[in-house]
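> Chain order of the listed sequences is U and H. First residue of the first sequence? That's 27 in my numbering, and the numbers climb one at a time after it. First residue of the second sequence? That's 126 in my numbering, and the numbers climb one at a time after it.
In case anyone wonders, no lab produced these hints; they're calculated from the structure. No false leads were slipped in.
One-sided excerpt, in silico: chain U residues whose CB lies under 10 Å from chain H:
#1 GLU103
#2 VAL450
#3 PRO525
#4 LEU540
Each computed SDA-like pair below joins lysine to any residue, with the alpha-carbon atoms no more than 25 Å apart:
#5 U:LYS644 / H:ASN165
#6 U:LYS644 / H:GLY162
#7 U:LYS39 / U:ILE81
#8 U:LYS425 / H:TYR160
#9 U:LYS239 / H:TYR160
#10 U:LYS643 / H:ASN165
Ideal Cβ placement from N, Cα and C applies to all residues, glycine included.
Here is how the chains run, residue by residue.
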Amino acid sequence: MSNLHESESGHRKVVLVGNPNVGKSVLFNALTGSYSVVSNYPGTSVEVLRGDATIDAQTYRVLDTPGMYSLLPITEEERVGRTILLTEAAEVVVHVIDARNIERMLPMTLQLIEAGLPVILAVNILDEAERLGMTIDIPLLSKRLGIPVVGAAFARKRGYEELCAAIASYTGPAGRAFTYAADLEQDMARIAASMHGRYSLDRRALALLLLQKDEELTAQVATAEGAGFTAIETALREVIFERRSDLHLTISMERRRLCRSLLDGVVVQSAGPGTSLADRLSDISLNLWTGVPLLLLILYFVLYVFVGQFGAGTLVDFFEGYLFEEWINPFVIHLGNDYLPWYWLRELIVGEYGVFTLGVRYAVALIMPIVGTFFLAFSVLEDSGYFPRLALLVDRLFKRFGMSGRAVIPIVLGLGCDTMATMVTRTLETVRERIIATVLLALAIPCSAQLGVIMGLLSEVPGALAIWTGVIVLIFIVIGLLSAQLLPGEKPVFYMEVPPLRMPQLRNVLVKTLSRMHWYFFEIFPLFVIASVLLWAGKMSGGLKALVSLMEPTMHLLGLPNEAAAVFVFGFFRRDFGAAGLYDMQTSGLLSATQLTVAAVTLTLFVPCVAQFLMMKKERGWGVSLGIFVFVTLTAFGVGALLNKLLIVTGFGL
Amino acid sequence: MICSNCQREIPDQPDPQQESCGACGGGCRKVHCPYCGYANPVVPGFLQRFARGGSKKEKD
Chain U
27 MSNLHESESG HRKVVLVGNP NVGKSVLFNA LTGSYSVVSN YPGTSVEVLR
77 GDATIDAQTY RVLDTPGMYS LLPITEEERV GRTILLTEAA EVVVHVIDAR
127 NIERMLPMTL QLIEAGLPVI LAVNILDEAE RLGMTIDIPL LSKRLGIPVV
177 GAAFARKRGY EELCAAIASY TGPAGRAFTY AADLEQDMAR IAASMHGRYS
227 LDRRALALLL LQKDEELTAQ VATAEGAGFT AIETALREVI FERRSDLHLT
277 ISMERRRLCR SLLDGVVVQS AGPGTSLADR LSDISLNLWT GVPLLLLILY
327 FVLYVFVGQF GAGTLVDFFE GYLFEEWINP FVIHLGNDYL PWYWLRELIV
377 GEYGVFTLGV RYAVALIMPI VGTFFLAFSV LEDSGYFPRL ALLVDRLFKR
427 FGMSGRAVIP IVLGLGCDTM ATMVTRTLET VRERIIATVL LALAIPCSAQ
477 LGVIMGLLSE VPGALAIWTG VIVLIFIVIG LLSAQLLPGE KPVFYMEVPP
527 LRMPQLRNVL VKTLSRMHWY FFEIFPLFVI ASVLLWAGKM SGGLKALVSL
577 MEPTMHLLGL PNEAAAVFVF GFFRRDFGAA GLYDMQTSGL LSATQLTVAA
627 VTLTLFVPCV AQFLMMKKER GWGVSLGIFV FVTLTAFGVG ALLNKLLIVT
677 GFGL
Chain H
126 MICSNCQREI PDQPDPQQES CGACGGGCRK VHCPYCGYAN PVVPGFLQRF
176 ARGGSKKEKD
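In isolation and in its complexed conformation, chain H is listed as follows (with noise of 0.2 Å):
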């Protein structure tokens, strides 16, 4: 996933050490960039194979 505030690449696990706010019903659903603290959605599950879609030219 790329943070799209600083376009960096964040891991897709998670780190341990960051918490989530609590704030959501059923969850979190921010993921938060490691290297800016930018909170970026959770791609749900119905969406991902369109999100993926957009990934194909990744040169890694």
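Isolated chain U, as found in the complex (with noise of 0.2 Å):
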């Protein structure tokens, strides 16, 4: 090979690169020994491991990059493994993949030969895959790649030899180009031939790269074309234009298209241990005709009978019935009557909306139980991967609201925190669909405390959780469609790749669980004793009397009584404090079935708490915000109301 690939010491150089957690650092110190530098890559806090390794009597210099997923960066350790393949001038680059995830892995070394890269490519991890089943024809691989293909198990020593005498023979790049669909493929060309500077990635890479909106790389082919790049430029926007899509997803898209037509008998696989019921269960829950009812089973038991019969009612007339009402309340109580003197503290400490007998009381007895088996059940089917499943699965309904299933995320994330599930809608592909996501968490998603508590109110009340699920669930199609047809926007596609459907981890789902109680703990904690001064400051001061006299003809169309104008003001500061103080309403008796299914509706619906509204300020302005927030508003009243007059008159289910 030429000088070029020699190093400053005199050696030539050997890259390893492929995704975190697949081998590499094992075969690093398989080919260099124990005696390796490490230090981080210049400008940044990546740390990258140097080594030498001396294969059939000429030393190499071994550099392990940073597990990265794609030539498009998205890390700082993927640019930093990128930087490396681009400037260092490799005379081979190793890329190291899973056998057991070979269609997830193979894209990346697809694009590592479209660049021209030198490449040997490592299928790792090969024990593991045979014991699932699998076989890998690995000279057929080879073949169809027009590469070197290795076999191995590099912890168990196989393959390293293989290895090795690839790295010594071998003999340059094969310069194949995999083809792509025909207006790809044109897209591509016209770009490329634009380019007229000297680059160490191949031409037709770069275009790639350069529709997808690399930034990096498009600052440098700006530096190397000078004046020249203004016709790039033209190219580029055109093609953008004319596409009107996420190329980025197009060109992902039809790399996965290759590669399955790559691994097309390639990979066997065989009905072996421990892979049948997940690949069956997988299936089960991609497929909408088996999808839906198991969605509906896991609703059923996760919700209904775990958080809502089990947390909501049990566990919660645990705390809240037995442990606070008969133990720790009146003695509490009795203490602050004996100690404190003053009839303000007296409310503050243990009043009507006392610190602990209202806040303290709220977060530990009712709010506790419930999102602790919310975050449990949740937990358990994070771990086991069927939420990039469920993102799959509601993809075409969701089309049908103008979102994506990506949209899913935000939505799923909701059901934990609506706050924090209307930041993560900055991840949805259009301002339509942001827009329209951020309307339907505000409006028919409630949080897992609120949720937990209405399930727990409502399953003793026969007919009263059909009916606020049938309501919600209505709501959120009616607005979603709505929305879809007034909002004008781009259509989303979404395409997501899912990973292994794998048993949970009891160790993960505990160590999930625990930090999220903990998160909850730190912010509802505080929160609850804000509110509750804040109640009492009210209560003192007369105004919450007024708030609650003024809200008296919206209670009086909803059919509540006077009191219940106090629930909804507790809901604006936190969701779960209004369902709360629900769910004291009804244990008082003060709420017939009826009103408890109005209340419970029309709570659900009604405005986000004051962490969300500035949420949704921060992420979508002053303007969408309040539009949203009277928006949400009227509905909720007006639902709340319709719903109140059509139970009166049917009496159904009540």
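Since each chain sits alone in its own frame, please combine them into the complex, following the hints.
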């Protein structure tokens, strides 16, 4: 090979690349022995390992790059990995992949080959893949890719000798090009033809990265081309305008298609132990006819039985009904009455809206058991890899609402906390999609604690839960469809890699559940205390009474007692605070079955809490967020009033 | 840290361009996956040792 590939020390370079956790470091250690140098890549905090290896009497400088998923970088680690590939002039680039996930990892091999890099593919962890019933035809894969391919299990020293032999006998990149769809090929050719500078990447590959708006490479091309860059810029703009789609997505899907055809006949999966059940479940969860019933089963058992009946029923009965009502509250109120001489202070600590009797009790006895059970169930589903499947399942339905399956992430997160979910809407592809998701989160997605309390409350009343669910789902669908019709904008495209379905790991589930509870308590406790202090101040100053009086006509419209106004005021502080207030009213016997149903529906649809409103303002600006606020408030009270009339007239289910 | 949604590895060093939503009292306790946007909970200090026990089998 030419001297270009020799480093300053005269050693040829071998660069190891690949996803995290595929065995690059095991290979690095095997190649270099115990001696290596760890240093931060210049200008970054990313560590790069360098060491020397002797292969066939030739010394090589080996570089272990940080984990990367693609040549189009997203993280700093990936940027450093790519810079090494582009600037270090490697003799050989060893792409290490995990045999078990060959379909997910092969697209990067294609990128490396297209870029004109001297690639050897190491299909690692082959022993595990074989144990799972996979057979990979390595010679056939090598022939199809046009590069040397080595099957390996580096942790067991398998394939090491073959890799060393492949490195020693490597003769240079094959210059293989893979054929994309005709329109994409045309676009690439058009951009590549406008380039005249010298680049370390193949021009075709460079064109693909420029089409995906790679800022770093665009700047490099602008410098290299000088005045000629205007022609490239114009061509890029025209292509992006003509296609009117996310080219990153189109290119990723094309590459997937190529990989599937390359792997056809290369990978054979027999029914091995541990795979068949997971694969079958995965297929069931993705198929519309089986996936929807599975989703309904999950919702029934997870939300209704586990969170609603066990969390909000059994556990709350124990904490609130037994521990607080019978033991802790009487003791603390007795202490307060004995030792707090001033009325205002007694009210502040142990009064109707006292810090202890309201704030602490709501947080510990009502909300903690509910969010605890919800987070536990959520973590089990999350760790199993179900959520990406859910995203793909509902993609078709969400498209009717002007959103894609990607919107499942904020919508599902909204069931935990709507504030955080509102922020996550920024990951959606189009502005239209973000606005629709924000409206639906504000209107029809209850947060975990609110959902749990409402489930617990309504499961006691026959028919109430069915009506509540029906109304919320109906509003979700109607508002989604209307928003999609009324809001102009691009139709989103959705594509997502589906990670393997797996048995949830007990340790992961515990860590995730406890981490979430820790987060929730840090947030909820001070806010519940602050909310009870504000309510106390309102009571002492008469402000709360005035506010409740102001809301009396609305309560009348909803058919609710005047005291229910306080619940809506609570709800604006926090959704779950409002739901807990509703729980208090119900257990005090202040609500009939109809009133409970109407209040639960209105409260669920009612304005988002303060934190969510501020997040909406931050993400969407004052105009949009105030518009959503007014729309949601009117819809909530309108639907509540209508439901009240309907239930009274029909007496349906109650 | 592995993203709970897409199962890709999230770098230890958070991207300085990523903002927190500011909703958590006492600072952000979420790590947003740079690949899929999912909000993963940050493992608190007292759980880190226990959590690390699960990653002994890492290949890299």
